[in-house]
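Chemist: Residue strings, one per chain:
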Amino acid sequence: MDLELSPRHLEFRDECRSWLAANKPARPLRSMDTAAGFEEHREWERVLFDGGWSVPGWPASYGGRDCDLIEWLIYEEEYWLSGAPGRVSANGVSLLAPTIFNFGTQAQQDHFLPKMASGEHIWAQGWSEPGAGSDLAAIATRAIRDGDHYVLNGQKTWCSRGAFADWIFCIVRTDPEAERHAGLTYLLVPADAPGLERRPIGRLDGEPGFAELFFDDCRVRVDNVLGEEGQGWAVAMAAAGSERGLNLRSPGRFMAAAERLTELVRTLRAEQREIDPRRRDEVTDAWIRAQAYRWQTYATAARLMDGAELGSEASLMKVFWSELDLELHATALRLLGDRGELAAGAPDAVDGGRWLDGYVFALSGPIYAGTNEIQRNIIAERVLGLPRR
Amino acid sequence: MDLELSPRHLEFRDECRSWLAANKPARPLRSMDTAAGFEEHREWERVLFDGGWSVPGWPASYGGRDCDLIEWLIYEEEYWLSGAPGRVSANGVSLLAPTIFNFGTQAQQDHFLPKMASGEHIWAQGWSEPGAGSDLAAIATRAIRDGDHYVLNGQKTWCSRGAFADWIFCIVRTDPEAERHAGLTYLLVPADAPGLERRPIGRLDGEPGFAELFFDDCRVRVDNVLGEEGQGWAVAMAAAGSERGLNLRSPGRFMAAAERLTELVRTLRAEQREIDPRRRDEVTDAWIRAQAYRWQTYATAARLMDGAELGSEASLMKVFWSELDLELHATALRLLGDRGELAAGAPDAVDGGRWLDGYVFALSGPIYAGTNEIQRNIIAERVLGLPRR
Amino acid sequence: MRFSFTEEQDMFRDTVRDLLADVCPPDAVRAGWDNDDGRVPGLWPALAEMGMLSILAPEEDGGLGMDEVDLVRLLEETGYAGVPDPIMEHVAVAVPALAEAGASGHLAAAIAGETTCTIALTGGGDYVVDAEGADLVVVERDGGLVAATEYRVEPQASIDRSRRLGKLVAVDSVDPLSGADPILANDRAALGTAAQCIGVARRLLDSTVDYVSERRQFGKPVGTYQAVKHHLADVRLGIEFAAPLVHRAAWSVAHPESHDVTTRARDVSMAKAMAADAVDRACRAGLQCHGAIGYTDEYDLQLWLKRGWALAAAHGDAPSHRDRVADALGI
Amino acid sequence: MRFSFTEEQDMFRDTVRDLLADVCPPDAVRAGWDNDDGRVPGLWPALAEMGMLSILAPEEDGGLGMDEVDLVRLLEETGYAGVPDPIMEHVAVAVPALAEAGASGHLAAAIAGETTCTIALTGGGDYVVDAEGADLVVVERDGGLVAATEYRVEPQASIDRSRRLGKLVAVDSVDPLSGADPILANDRAALGTAAQCIGVARRLLDSTVDYVSERRQFGKPVGTYQAVKHHLADVRLGIEFAAPLVHRAAWSVAHPESHDVTTRARDVSMAKAMAADAVDRACRAGLQCHGAIGYTDEYDLQLWLKRGWALAAAHGDAPSHRDRVADALGI
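Chain order of the listed sequences is A, B, C and D. 0 is the number of the first residue of the first sequence in numbering that gives the first Met the number 0; add one for each residue after it. 0 is the number of the first residue of the second sequence in numbering that gives the first Met the number 0; add one for each residue after it. 0 is the number of the first residue of the third sequence in numbering that gives the first Met the number 0; add one for each residue after it. 0 is the number of the first residue of the fourth sequence in numbering that gives the first Met the number 0; add one for each residue after it.
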């Protein structure tokens with residue numbers, strides 16, 4: 000056990016910190032779920048890419064810097080503590096990229112990965128359907144082979160970034176006779192494909208956080224299949240492991256939020272507002288849990304670096320971070336008292352309404368990527384070994 | 000709505016209060032789960048009976064005073080606030096008596112009810128079996144008709160008061176061919192029946208809170224069937240309604256515990272101990288919930304007095320009181336700090352270790368009479384109408 | 000001792016429920032988001048006509064001369080319907096304050112529905128509901144109440160677009176309301192908010208029960224899963240045991256002859272603390288059991304989610320009310 | 000940065016686990032309830048022999064010269080086994096204090112297992128574990144530590160009959176332990192207790208998983224019910240995220256060169272707060288998922304339930320440790 004950063008890691012951290020301090024946007028960007036804000040975020044992806052900081056864990060040949068897991072964790076901590084913007088590229092980098100590295104052809108890797116790293120391609124996820132939420136095996140969108148194209152018909156929903164993304168990674172049913180997990184295929188769909196219509200859906204504060212996709216005889220080239228036709232379930236599950244686990248939710252974001260929460264307490268005290276001891280306790284508890292998530296992640300990273308695989312334990316992490324994120328933000332709103340319900344535009348909104356925005360965002364955590372109820376089933380059955388039936 | 004006590008009710012309350020003040024034992028009785036303590040409690044039942052206070056809700060002809068529900072609630076509040084002993088007769092009076100009133104023959108009523116009221120018969124419940132806990136329909140103890148007797152073979156467990164009780168009310172399987180709910184019979188078994196062996200089981204603090212019963216060709220007269228042979232399930236479920244609902248758990252006990260909890264805070268303050276604001280909040284929350292239970296019960300009583308029946312709503316009450324009881328005692332132990340783990344015999348034990356004893360007792364609340372998990376299923380399915388499957 | 004409502008009270012409640020279902024469906028609430036005052040056209044006159052606005056005004060002033068026990072379940076219904084108009088502020092706090100102060104001109108206009116009143120009380124924080132759209136604000140200041148009729152407001156957008164919040168930045172014209180008790184006004188506001196919390200929680204529960212009974216995943220209705228059942232059983236438990244405390248607090252407020260100020264404070268605060276916790280739980284479970292669709296702007300669940308968040312904290316959150324109970328208990 | 004244990008540490012842990020499974024099964028723990036000192040015969044010499052008692056003693060004093068990182072998971076194992084002997088007090092607190100004070104006579108006897116030490120620290124409340132049976136008590140007083148060898152004890156029965164508590168009513172003979180730091184001793188005790196909490200929680204979880212996988216109700220194993228699954232998933236979550244904080248705190252205590260007193264306090268208190276909550280949850284869920292059998296004297300679950308209740312509060316409960324974290328954070 001060695002919990003000190005090595006000189007090499009310290010140097011890496013300092014380089015990362017200095018670069019972020021010098022390059023991060025001077026002002027908060029507009030919401031990435033507006034047309035203008037989306038492009039601002041894309042520009043920031045380009046700045047990151049040019050600095051070599053958009054995908055530090057990737058091979059240098061695709062725009063990364065071959066970071067190991069520890070460096071990546073350090074990078075994430077620095078990134079979020081710096082206050083840099085959210086990553087509009089996250090769906091692609093965290094969910095799709097591991098799948099492309101694992102299952103993509105050389106041509107697919109060479110084509111898609113650099114454009115993802117540079118922000119030229121921003122990706123959305125097209126998995127859920129109105130009748131297939133947590134139950135992905137119920138996917139009904141059909142893709143029927145017609146020469147060197149598939150013809151898609153059906154509907155996808157809850158596509159984060161879907162309103163403005165350039166590409167969508169989908170799971171579609173290529174064999175309508177097959178049931179459940181069989182007959183599914185992982186397909187990469189350009190957002191400008193003929194026959195694809197997109198409709199934004201507002202999240203509950205009105206921001207268009209998702210899109211619905213309607214496929215009406217939409218034609219997509221066969222060479223956009225990722226992995227084999229009919230192997231979509233296995234391919235997708237590999238990515239689901241990423242989504243639920245280490246890649247998407249590094250501790251950095253929660254540690255940064257926990258720091259901001261303690262800062263909020265200090266600010267309120269400076270405003271001569273009394274801090275209720277129960278609220279102080281909630282803040283402390285949330286801060287401790289952010290630290291617990293951090294150290295659990297470092298322990299997991301050590302196992303992975305020793306060659307272990309992140310299996311069902313990813314469900315433990317997903318439940319913990321999503322409930323931590325919610326509690327961090329709910330605690331902030333409770334601390335804010337009657338200012339807690341003020342929207343971004345209100346003159347008295349604290350920090351531009353960021354806590355409320357973060358709360359609304361956090362509310363989706365226990366729902367998406369497999370509800371926490373399903374995650375707890377996985378923990379019970381696969382981690383603890385309880386009988387399925 | 001009228002939330003004042005009428006002059007008649009005030010008079011009733013005062014009579015009850017005065018009688019308890021004058022007659023309750025000067026010192027705490029020994030545990031009713033010891034041989035000597037059991038008899039002390041039986042004597043107290045006789046004192047109550049002689050004063051007309053053992054079963055105030057019963058008809059006068061059986062030793063009661065025909066109290067209505069409101070009077071009964073007042074009586075219960077006064078009883079517990081007075082600090083009078085726990086009722087060793089509770090199983091019989093709360094669980095069995097309603098069943099005898101509903102299903103008993105005139106001869107059964109005339110024989111059993113007065114002896115129950117006077118404490119001559121103390122009853123234990125013989126429902127659970129090693130293989131049939133919350134799942135009563137799995138009962139396997141067999142009772143085979145042989146002339147005017149049944150011959151019992153099998154095993155019962157978790158019989159509260161079972162070690163010293165005079166009679167046991169059982170559910171047995173009279174038709175071994177029938178499955179699940181069919182073929183069960185409700186049978187009253189004298190504790191001295193030949194072929195019945197009893198073995199005390201300690202609860203987790205070592206007090207023998209239950210007994211196991213072993214039936215080995217045990218012979219019981221046929222006229223001890225309550226209701227009809229084969230109708231045991233329906234008969235038992237009527238009593239289960241009582242157990243889970245109003246009869247067994249009047250608010251008085253929890254209100255008294257909540258008052259003692261606030262008194263504990265005052266005592267600790269008087270000892271110059273600092274009360275953590277979080278603990279004060281927990282005390283207040285528990286006190287409020289005791290009040291909520293009280294008023295919900297008064298509302299329920301009003302409905303019942305208007306002719307409504309207490310159906311699945313009884314499950315709401317069971318979950319609430321059992322978790323309230325646990326929280327009241329857990330809060331007290333947290334307040335006591337390092338004195339919280341001291342057993343009754345320790346010189347520094349506060350109030351004779353009564354909070355710890357109450358905590359151990361309360362721990363069984365969410366388990367017995369149908370676990371709270373099962374109660375929540377009932378709430379969801381029968382109160383809210385969610386689909387069973 | 001009889002803890003139940005009368006048949007007449009049941010009928011009045013049903014009438015209000017029917018009216019709100021008719022005049023104030025979710026579409027009408029949404030329509031208000033983009034109009035001038037956020038309110039539902041036609042609702043105020045209809046409420047005035049059925050006497051709802053004058054429940055707490057004495058008969059000699061043209062009111063119904065009823066009390067908080069008559070009112071409390073009607074306010075639950077306004078929560079259930081998601082009424083955006085400042086009905087609680089007007090009917091539960093402002094009208095009786097105007098009556099107790101003998102402000103007969105203001106009172107007559109208020110109970111006729113010609114004017115709309117709102118409230119700015121110390122227990123209600125810095126932001127006033129519907130301050131811009133209202134004609135009169137009952138303001139607590141200098142230990143008393145005044146009726147402000149000319150004032151300037153700085154709008155403060157709430158996440159709940161049906162709650163038009165504003166900060167009073169200047170009050171130019173006031174009538175003192177001597178005889179009206181600010182402590183009582185605060186208790187009435189907390190009680191009224193608690194009643195609305197109960198209604199919001201019930202609506203969230205009903206909507207969620209409906210949804211999970213229909214929505215299928217993994218080949219069966221979502222509502223068959225035990226985790227979903229237990230989430231919703233807990234919501235029902237919260238409501239089941241909070242509502243009696245709210246009704247009991249209404250009695251306490253309505254009967255000053257047998258409830259001193261400390262007892263009333265204790266009873267009102269018990270009600271608000273439990274109701275706030277109940278609606279908070281209903282919000283969380285309601286959203287979680289809906290899943291993604293509950294998280295969208297288009298689906299109506301959000302109307303009650305946002306109202307629930309706001310009302311749980313309005314006029315004192317659960318911990319602050321528990322503190323008042325603790326003070327009353329002397330612990 | 001490498002947050003993992005070495006192969007040697009794993010092996011030491013496995014050796015201790017095997018020894019405890021062998022020498023300290025539940026029957027042996029129960030047997031101690033009625034003997035003179037509550038302890039398990041043969042265990043102390045066996046622990047001495049394998050070096051466990053001397054882990055934190057320097058090599059020049061005949062110890063293993065290891066640190067808290069080496070020790071922490073061994074203490075987890077003592078919690079897992081339900082060891083009644085005062086192992087945490089002796090090995091994690093008393094031995095290093097004696098070493099740091101240069102009390103070589105006491106130290107030699109302690110690491111040889113000839114004596115048993117326990118502790119009476121201000122952070123540990125009024126009752127001393129095994130005060131009667133021990134030979135030496137490390138007592139905090141007047142801002143320092145002393146070694147008491149002659150003292151009188153008033154026994155105070157714990158609900159956990161393996162915890163022989165007593166109050167020191169008189170101390171007749173002491174040796175000052177100058178050079179030993181009482182703040183560090185308190186931190187070590189809190190850390191050691193946190194580690195034992197983790198072990199107790201793991202045992203409760205393992206036992207409960209086994210039981211619900213076998214026990215059938217309504218025609219299927221109890222463990223197939225989603226409510227039971229989620230109770231136990233929550234227990235696992237509690238342990239999963241508390242254990243790394245306990246290990247991290249061990250590092251912090253073991254590395255004073257890079258951890259000042261405030262940082263160490265923060266890290267130790269984070270560990271104890273999370274570990275206390277984890278074991279508390281494990282107790283509740285463990286009992287609830289067992290049902291009635293878990294509530295009996297005869298069934299072994301109770302050994303860990305009572306230990307869990309006691310250890311969650313011992314050397315500071317979760318809220319008091321969160322307060323220390325808050326102080327360290329300056330909020």
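For the record, the hints were derived by calculation from the structure and aren't laboratory data. Mixed in with the good hints, there may be bad ones.
[What the hints assert, rightly or not] Distance ranges between label pairs, derived from CB positions:
#1 C:Ala30 x D:Asp326: 30 to 40 Å
#2 B:Arg265 x C:Lys219: 51 to 61 Å
#3 D:Pro255 x B:Gly130: 40 to 50 Å
#4 C:Glu58 x B:Leu80: 24 to 34 Å
#5 A:Gly384 x B:Ala136: 27 to 37 Å
#6 A:His180 x D:Asp205: 52 to 62 Å
#7 B:Arg387 x A:Arg387: 36 to 46 Å
#8 D:Asp326 x B:Glu258: 49 to 59 Å
#9 A:Arg387 x C:Glu6: 23 to 33 Å
#10 C:Met10 x A:Ala343: 40 to 50 Å
#11 A:Ala177 x C:Lys219: 14 to 24 Å
Quick reminder that beta carbons are idealized off the backbone N, C-alpha and C, glycines included.
Chemist: Each hint: holds or not?
Modeler: Here is what the structure says about each hint:
{"no.": "1", "hint": "C:Ala30 x D:Asp326: 30 to 40 Å", "result": "violated (52 Å)"}
{"no.": "2", "hint": "B:Arg265 x C:Lys219: 51 to 61 Å", "result": "holds (54 Å)"}
{"no.": "3", "hint": "D:Pro255 x B:Gly130: 40 to 50 Å", "result": "violated (58 Å)"}
{"no.": "4", "hint": "C:Glu58 x B:Leu80: 24 to 34 Å", "result": "violated (41 Å)"}
{"no.": "5", "hint": "A:Gly384 x B:Ala136: 27 to 37 Å", "result": "holds (29 Å)"}
{"no.": "6", "hint": "A:His180 x D:Asp205: 52 to 62 Å", "result": "violated (33 Å)"}
{"no.": "7", "hint": "B:Arg387 x A:Arg387: 36 to 46 Å", "result": "violated (20 Å)"}
{"no.": "8", "hint": "D:Asp326 x B:Glu258: 49 to 59 Å", "result": "violated (35 Å)"}
{"no.": "9", "hint": "A:Arg387 x C:Glu6: 23 to 33 Å", "result": "violated (53 Å)"}
{"no.": "10", "hint": "C:Met10 x A:Ala343: 40 to 50 Å", "result": "holds (45 Å)"}
{"no.": "11", "hint": "A:Ala177 x C:Lys219: 14 to 24 Å", "result": "holds (21 Å)"}
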